[in-house]
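From first to last, the protein sequence lines are chains P and D. Just so we're aligned, residue 1 is where the first sequence starts under the numbering used here, counting upward by one. Just so we're aligned, residue 78 is where the second sequence starts under the numbering used here, counting upward by one.
Bear in mind the hints are in silico, worked out from the structure with no lab data behind them. Ideal Cβ placement from N, Cα and C applies to all residues, glycine included. A hint or two may mislead.
Only pairs whose alpha carbons sit at most 25 angstroms apart, straight line, appear in this in silico SDA-like list of lysine to any residue [unchecked claim]:
hint	chain 1	residue 1	chain 2	residue 2
1	D	143	P	60
2	D	301	D	285
3	D	141	D	209
4	D	141	P	59
5	P	40	D	184
Here are some chain P residues pointing at chain D (derived, C-beta under 7 angstroms) [unchecked claim]:
hint	residue
6	12
7	20
8	68
9	70
10	71
Covered stretches of chain D (chain P as the covering partner; in silico rule of three or more C-beta atoms under 8 angstroms from a C-beta of chain P) [as the list claims (entries may be wrong)]:
hint	segment
11	212–225
12	266–278
As a plain string of letters, each chain reads:
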Amino acid sequence: MKIKVIVTLKSGVLDPQGKAIQQTLNGMGFANVKEVRQGKYFDIDIDENDEQKAKLSAEEICKKLLANQVIEDFKII
Amino acid sequence: MNSSVIIFPGSNCDRDMDVALKKFGFKNKMVWHNDDELPKSDLIVLPGGFSYGDYLRCGSIAGKSKIIQSVIDFANSGGLVLGICNGFQILTETGLLKGVLQQNKNIEFICKNIFVKVNNSENKFFENIDKDVLELHIAHNEGNYFCTEDELKSLEDNNQIAAYYCSSDGKVDDKSNPNGAIKNIAGIFNEKKNILGMMPHPERMIDQSLSGEDGSIFFENLLKNLK
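Sequences are here, hints too, so could you generate the full structure?
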């Protein structure tokens, strides 16, 4: 089954790329853009039919590899 | 003294480290990341570079490679482990060292000489070193050290900060912080101080005709401390 994961920086953690994107957007005329936070998106195909089991695997995958929980949060969707 | 340098796909300071270790008297072996076992060593080095192309996060994939469990066991049994640059990033990703190396604050790759004030008490790496301000080289995109406030407090309380970016006369200030690292931190130890991770490259400063010789002071002193 397909699992989608989004990894984002925790709030308060500096995101220089997000900041650069926000400043660029402001420079392009999107004056209303106040903040941009950049994250990562993963499409994972897990060989499992039980949604609960697949999500449990995904959670372990996120904790062990995809997210560094010192600075990042993850969401399984 | 026997040392081992671990090579990951994308390491590029492994041979410089090999040259440096041998120059100062270590018997060094190169170890491939996919090997199961470490040769008998007094020092394990995780070299600089761009292991696995910095995919996912710097050092994250190398931190799960086959040899790493042996490195973790070696470190946990008190063995000396040195991680330089990408090696430092790998050590944080394995959890052997606290915190994380984030992208430089100015979003630029920084390649230049800097000065660091080193912590020369209670550790084999810098104890008895002739100078406590060393001129070393940095070359990184993700060297901006970050940790939680609690972690920072415990690093400070346990004297685990190994090196601070500073001016040539040893002043630790904002002006000498190249990458935005919290508290100017350039390197840290684990609690027992047998693991050192730092962004600056001592192996690039071992020849006056190339760059400088403060790296020589580091390696000579390290070998002396291990004997």
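Against chain D, with CB atoms and a cut of 7 angstroms, does the hint on residue 71 (chain P) hold up?
-> Nearest chain D Cβ about 5 angstroms off; hint holds.
Taking the least C-beta to C-beta distance, is residue 12 (chain P) closer than 7 angstroms to chain D?
-> violated (10 angstroms)
Classify the hint on residue 20 (chain P) as holds or violated, based on whether any CB of chain D lies nearer than 7 angstroms to its CB.
-> holds (6 angstroms)
For the pair we were handed, residue 141 (chain D) and residue 59 (chain P), check the Cα-Cα distance against 25 angstroms.
-> holds (17 angstroms)
Are there three or more residues in the segment 212–225 of chain D whose C-beta lies closer than 8 angstroms to some C-beta of chain P?
-> As far as the segment 212–225 of chain D goes, the hint holds, because 4 residues have Cβ atoms under 8 angstroms from chain P.
Can the restraint linking residue 141 (chain D) and residue 209 (chain D) be considered satisfied, given a maximum Cα separation of 25 angstroms?
-> violated (35 angstroms)
Verdict on chain P covering the segment 266–278 of chain D, where coverage means 3 or more residues with a C-beta closer than 8 angstroms | Check failed, 0 qualifying residues.
Is it true that the CA of residue 143 (chain D) sits at most 25 angstroms from the CA of residue 60 (chain P)?
-> Answer holds: residue 143 (chain D) to residue 60 (chain P) is near 19 angstroms, not above 25 angstroms.
Measure nothing beyond the straight line between the CA atoms of residue 301 (chain D) and residue 285 (chain D); if it is 25 angstroms or shorter, mark the hint as holding.
-> holds (21 angstroms)
Close enough to count: is the Cβ of residue 68 (chain P) nearer than 7 angstroms to one in chain D?
-> Hint holds; residue 68 (chain P) Cβ to chain D Cβ min 6 angstroms, cut 7 angstroms.
Agreement of residue 40 (chain P) and residue 184 (chain D) with the hint, judged by alpha carbon distance not exceeding 25 angstroms = holds (18 angstroms)
Is the hint on residue 70 (chain P) kept, meaning its closest Cβ partner in chain D is under 7 angstroms away?
-> holds (5 angstroms)
Violated hints, in rising order: 3, 6, 12; the structure is consistent with all others.
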